[in-house]
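What follows is the residue order along each chain.
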Amino acid sequence: MNTTRIHWFVATCLLMSSWLAVGQERADDKDVKQQARTEKLLAWTREFVKETRVAVRAGESERVAELKAEPVMRYSDEPRFISDATLWVWTLNSRPVGIQKVEVNDLVAIPLWTICFGSFAETNVEVKWSSGHTFQSKEPGWAFEPIPNADAPAERAAARLFQMRALSRRFSGHVSPVTQKSKVEMRLLPKPIYEYSDPETKLPLGAVFSLASNGTNPTIFLAIEVRRDSDGKLGWYHSHTRMTSDPGALRLDDETIWRFEEVKHDNWIHFFLRRNIEFKE
Amino acid sequence: MLASLQFLTPLTVALMGGIAATLLLGFALLRWLGGPPAAVARRWGLIGIRSSAVATLLVILLNPSDVSQTPGPIDRPDIFYLLDSSQSMAVGDKETRFEHAARLMREADQVTRDEAHAQVKLFRFGHRLAAIDDTSALGLGAEGSESKAGDLRGLNSGRLLSLTSEAQAAELSASSATAGGKAKTKQKPLAPTDSDTQLLTALRQVSSRFGRRPPAGLVLFSDGRARDEAGVEQLAAQFARLKVPVHVVPVGDTAKGGDVAIVACVVPPRARRFAEVEVQVFLRSYGYDGRRCEVSLTAPSNVEGEPDRSLSPVVPVTLHDGFQSVGLSFRTDAKTRKLQVAVSTLPDEVSTTNNMFKAEVQIDRTKIRVLYIEGSSQPLQPVQRGERYEVRGPYSDLQQALIEDEDIECVVLHAPYGRNRLMRVTEAGGVTTARGFPETVAELSAFDAIILSDVGVDSFTEQQLGWLEKWIGQRGGGLLMVGGQRSFAAGNWDDTPLAAMLPIEMRSDNDWLPGTQVSVLPDSQAMSHPLWTIVADEQLNRDIIGKFPSFFGANRWSGVKPNLTRVLAMSNLTAADAPALATNPAAAPITTKRPSFFEALQKNLTGKKPGGGGQGTEPQKSEQQSNSGQKSGAPTSAALTSPTNQPAVVVGQYGRGRTMAMAMPITSPWANDFLTKWGSGDSKYYGKFWRNAIYWLTESSSIGRRRLVVTADKKFYRPGETIALSAAAFDEAANQTGSYKITSMIEPQTSLNDLESNYSPVRWPDGKPRESGESGPFIAWGEEFDLPRTDAVGGKPAFSLELPIADALTVGSASQSLRVELTAMEEFTQVDSTSLDIQILHDPFEQQNPFPNHDLLASIAKHSGGQVINESNQLAEVLRDVPMKVGIPIVKKTPLWSTWLLWTWMLGLLSVEWIWRRVVGLA
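The listed protein sequences correspond, in order, to chains A and B.
Quick note on my numbering: the first sequence kicks off at 1 and runs consecutively.
Quick note on my numbering: the second sequence kicks off at 1 and runs consecutively.
Derived from the structure by calculation, the hints contain no laboratory data.
Any given hint could be a false lead.
Stated by the list, open to error - Mimicking DMTMM-like on lysine to aspartate or glutamate, the simulated pairs with C-alpha atoms at most 20 Å apart in a straight line are:
hint	chain 1	residue 1	chain 2	residue 2
1	B	Lys-741	A	Asp-253
2	A	Lys-183	B	Glu-406
3	B	Lys-121	B	Glu-877
4	A	Lys-183	B	Asp-364
5	A	Lys-33	B	Glu-439
6	B	Lys-335	B	Asp-289
7	A	Lys-202	B	Glu-784
8	A	Lys-181	B	Asp-405
9	B	Lys-338	A	Glu-51
10	A	Lys-181	B	Glu-784
11	A	Lys-181	B	Glu-877
12	B	Lys-335	A	Glu-39
13	A	Lys-183	B	Glu-784
With the hints as constraints, model all of the structure from the sequences given.
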């Protein structure tokens with residue numbers, strides 16, 4: 001091999017390497033941009049939810065719920081022009097009592113945040129936001145009912161987790177967006193967005209599943225929990241919360257068990273805030 | 001218990017006589033010495049009291065006792081029943097082998113119930129030996145008849161739990177549970193469910209259950225089909241030396257010809273509507289080598305008397321002994337479909353219940369989102385619907401046709417008069433400038449298909465075209481371009497990424513042929529394509545397709561791409577008169593004074609100016625000239641002067657996506673017949689055609705709204721193979737990302753309580769670090785593991801993992817289903833989760849030979865000194881004919897005087913006598 005050819009070979013290799021490096025840099029740039037967007041979103045959202053005060057009322061007493069440090073879910077809903085969103089949970093004694101969406105809303109020309117709060121408490125809740133908004137639920141978020149034809153809760157933790165998942169698959173639902181002439185069937189995400197255990201036995205006690213519309217947007221929250229009946233016998237129970245203004249229905253074994261029509265902010269609320277952060281590429 | 005009153009005095013008669021004589025002598029001596037008693041002492045009351053006391057003492061001396069006697073224990077020798085509970089015992093039609101054995105047990109029990117007979121101890125065997133504590137499960141030894149009836153139901157439920165499917169077994173179990181209530185004990189239900197028959201092992205193990213004394217005999221209820229036949233006779237001889245005969249009860253019909261069974265069926269649990277679904281059927285046959293049979297796929301009728309509906313042509317199969325598979329397919333319809341796969345029954349089959357298999361395919365109702373971009377110059381017009389006005393545009397017909405299906409959403413963008421700007425059509429049918437083409441790739445990826453109709457490339461930016469390429473190729477979106485004066489090369493699409501994506505080759509010049517009548521001729525070889533399924537009836541469907549309307553105008557292609565394409569229809573192009581405006585009232589502009597392109601069209605076709613009448617106005621310039629998106633220059637002379645046949649509808653594939661090209665325009669007036677005349681006046685065939693097109697185009701769509709897409713490399717696996725899982729995660733901007741963590745776990749499809757093991761049949765991958773604390777070779781059910789990032793070819797961030805399957809499965813059925821749950825996590829935050837069903841097929845021993853082996857059983861009886869029992873009376877005789885020993889009876893004696901009443905009586909008498917004497921002055 002003569003020297004000229006070697007030079008050509010080396011030059012070609014260098015050229016290829018630099019081209020690959022540029023390509024890599026471009027990909028990295030994209031990741032960096034994406035990361036920056038994520039950080040901006042999370043920074044504002046984190047600050048906002050930290051300053052949200054959720055209190056659970058039982059008679060005269062009031063207990064302030066604890067915010068889980070990280071969002072339990074991050075999602076988007078392009079058909080509704082929600083390009084990014086996070087979902088946060090408040091708990092009391094490890095049980096979830098409230099859930100909040102913080103969505104980047106580009107439906108209209110003015111950039112907005114959509115804030116959507118739903119109660120999971122079995123009593124009323126009072127919520128105060130740093131924006132000055134307040135909400136006092138008129139009815140409990142959750143009202144549990146037994147799940148028919150369900151096996152008794154297993155004594156083994158793993159088996160209970162599988163039981164919860166199997167029970168969740170018996171539920172289905174749809175929403176009928178006002179912007180569409182037909183209904184949108186929701187998708188059950190197989191992994192619960194939040195799981196909680198019995199503080200004493202450490203056995204899984206309950207899980208919150210989400211039925212998502214348009215991909216991953218949690219639209220109905222379905223709670224499946226082990227509870228005791230009046231005779232002290234353990235059984236599986238379910239409850240549900242909507243988090244959409246659209247009408248829809250929840251089905252159990254293909255039978256409609258809950259139909260929600262008009263927007264009644266009895267145990268959930270949503271409002272908008274002006275957004276000063278641009279998220280589009 | 002026996003009880004009687006006996007006087008068990010310890011005194012003999014002589015002793016009693018002596019005592020009496022001594023007392024009399026003493027009395028006489030006292031009388032002689034002391035003289036007669038004082039008068040005060042001769043009171044009859046005192047004498048009576050003293051006499052009573054003496055009489056009582058005499059009674060005590062007689063020792064009256066209650067004597068009871070319990071018979072001595074009868075030493076009933078044991079007879080051990082060994083019941084084969086393997087799956088081969090479930091073979092049989094009217095009565096399974098298992099039921100036959102249980103019936104003989106019950107009948108023998110009835111006969112010997114009131115007689116002394118051997119004590120029966122029941123064991124089941126198959127995979128392993130296990131004692132059955134509650135023999136009433138077989139109706140044995142039950143006091144009441146009602147409980148037995150319940151147990152019999154349990155027995156009967158076992159008949160189908162074997163060579164049929166898991167689904168059937170689950171169905172039967174569920175129905176049994178519903179009918180009979182839930183079982184309270186956790187003991188494995190007594191049914192022929194074991195996946196193996198280990199007879200030799202069972203006979204070895206049973207000797208450890210003998211206790212201090214061996215049983216009087218064993219009774220083996222079995223079909224004789226065992227995995228470990230070798231050595232059974234020697235073991236039987238050892239039983240003979242122990243004087244424990246092994247009696248055998250052979251069950252199963254030996255005079256049958258063979259068996260063919262459907263042992264498994266692989267079908268996806270969920271499918272999109274109108275999607276092609278493959279059904280893989282697994283047959284096992286024995287004794288019919290070379291025989292032909294047929295496999296059918298039907299939808300069972302819900303109406304009694306109505307025949308099942310065939311979903312697929314019957315497939316002929318030549319059987320060869322062993323395992324073989326047959327592929328079928330069908331197209332889903334609008335609703336969840338129950339399936340029934342059946343193999344034809346052959347003469348003299350051991351069992352016909354296993355010739356059928358039931359399954360179900362659920363319909364995935366995820367919304368299909370279509371982005372329809374229409375560039376036709378037809379003006380908008382108001383249309384009154386009831387009390388409200390709607391605006392109709394050239395897009396309205398297709399939009400309406402699509403949204404008639406509630407699973408389709410159609411977003412329309414309009415580029416009127418070929419203007420570059422795309423405007424979104426509002427709910428009321430008008431257009432709004434607020435939104436146009438999706439502003440981000442994420443927004444675009446939220447659609448499943450795009451239709452480009454008569455819109456030029458200059459309505460799109462280069463970036464948008466790049467998004468389209470990425471969306472179709474990588475995420476499986478559908479692309480459809482239909483003809484028009486701004487479509488294909490006429491719209492300058494020939495030098496864009498879409499030219500490579502569409503299944504046709506575009507010309508480089510203006511390919512629009514306006515002065516042409518296009519007769520469409522569906523390809524007879526392509527009639528099975530879903531696009532052409534307008535109605536279910538095949539003959540009627542052919543008639544309908546044969547009347548596919550003609551069009552005016554078409555784009556002319558230079559050819560069809562060679563790979564992955566299919567021509568669905570050809571066209572015959574002939575010169576024709578222009579469509580008359582009067583035939584297209586819907587398209588008549590009502591407000592505009594813009595030049596009607598019908599006039600231009602007419603001029604193009606006829607070379608004449610449009611005549612008077614109608615609503616035509618003076619043309620200012622030709623339609624062609626007014627369209628900014630159209631390629632300049634007239635069509636080539638070849639295109640105009642040599643109309644001939646060319647493909648009219650072509651489908652193809654690009655990357656993960658599907659593509660379709662249709663040479664004809666679809667708006668008025670070019671497609672008036674297509675819009676209004678195909679069908680019975682309601683254009684129903686038009687709508688179905690388009691919905692078919694959309695369902696076909698989106699069949700591979702990964703649904704862009706999902707953030708985690710997971711695939712496995714195969715539809716089913718065999719033991720020893722490896723499951724290759726691949727996952728692609730997408731961030732909120734729809735970019736494929738590797739920054740998430742993909743966690744997974746394996747979940748059983750059945751209840752964990754029903755599983756014999758805490759471990760799945762999937763091995764932990766070699767060298768992969770484990771954080772769960774588990775250390776066994778297999779992945780525990782529910783154990784979390786992550787999919788490592790292994791970027792795919794092309795540098796796209798992806799995740800994958802290979803999971804080896806165990807070399808053998810322990811489940812009895814021919815298939816085992818697993819569910820793999822996968823979750824994309826951004827640190828502690830869930831982004832999306834999904835699940836994947838994995839089916840593992842194997843060939844369990846129990847299903848390999850359906851014939852009973854009575855010779856083996858007879859040999860066991862012969863070598864052990866036992867009998868071959870065919871009737872219940874023979875079995876009863878074995879139970880009776882055992883030596884029994886009766887033990888010494890137990891006698892219990894209870895003295896009746898040993899009671900506080902008697903002693904109180906005695907004390908009372910003496911006290912009264914003493915007080916009386918003191919009162920009357922006696923000492």
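Discussion item. A/Lys-181 and B/Glu-784 were given as a pair; does the straight-line alpha-carbon distance stay at or below 20 Å?
Written reply: 42 Å, violated
Fill in: Distance restraint between A/Lys-181 and B/Asp-405, which requires alpha-carbon spacing of 20 Å or less
Since the Cα atoms of A/Lys-181 and B/Asp-405 sit roughly 10 Å apart, the hinted pair holds (cutoff 20 Å).
Worksheet item: Quick one, are B/Lys-335 and B/Asp-289 close enough, alpha carbons at most 20 Å?
Response: 39 Å, violated
Worksheet item: Holds or violated: are the alpha carbons of A/Lys-183 and B/Asp-364 at most 20 Å from each other?
Response: This hinted pair holds, its Cα atoms lying about 14 Å apart.
Discussion item. Need the status of pair B/Lys-335, A/Glu-39: alpha-carbon distance at most 20 Å?
Written reply: 44 Å, violated
Practice prompt. Take a quick look at whether A/Lys-181 and B/Glu-877 sit within 20 Å of each other, Cα to Cα.
Written response: Judged against 20 Å, a Cα distance of about 78 Å means the pair is violated.
Fill in: Satisfaction of hint between B/Glu-406 and A/Lys-183, Cα-Cα up to 20 Å
7 Å, holds
Worksheet item: Is the Cα-Cα distance between B/Lys-741 and A/Asp-253 20 Å or less?
Response: 33 Å, violated
Worksheet entry | Proposed proximity, A/Glu-51 with B/Lys-338 (alpha carbon, max 20 Å) | Answer violated: B/Lys-338 to A/Glu-51 is near 53 Å, above 20 Å.
Item to complete: Quickly compare the C-alpha distance for B/Lys-121 and B/Glu-877 to 20 Å and report which way the hint goes.
Response: 17 Å, holds
Practice prompt. Below or equal to 20 Å on CA atoms is what counts here, so check A/Lys-183 against B/Glu-784.
Written response: 36 Å, violated
Item to complete: Mind checking the alpha carbons of A/Lys-202 and B/Glu-784 for me, to see if they're no more than 20 Å apart?
Response: Holds, at roughly 19 Å.
Violation of the numbered hints given earlier is confined to hints 1, 6, 9, 10, 11, 12, 13; the remaining hints are satisfied by the structure.
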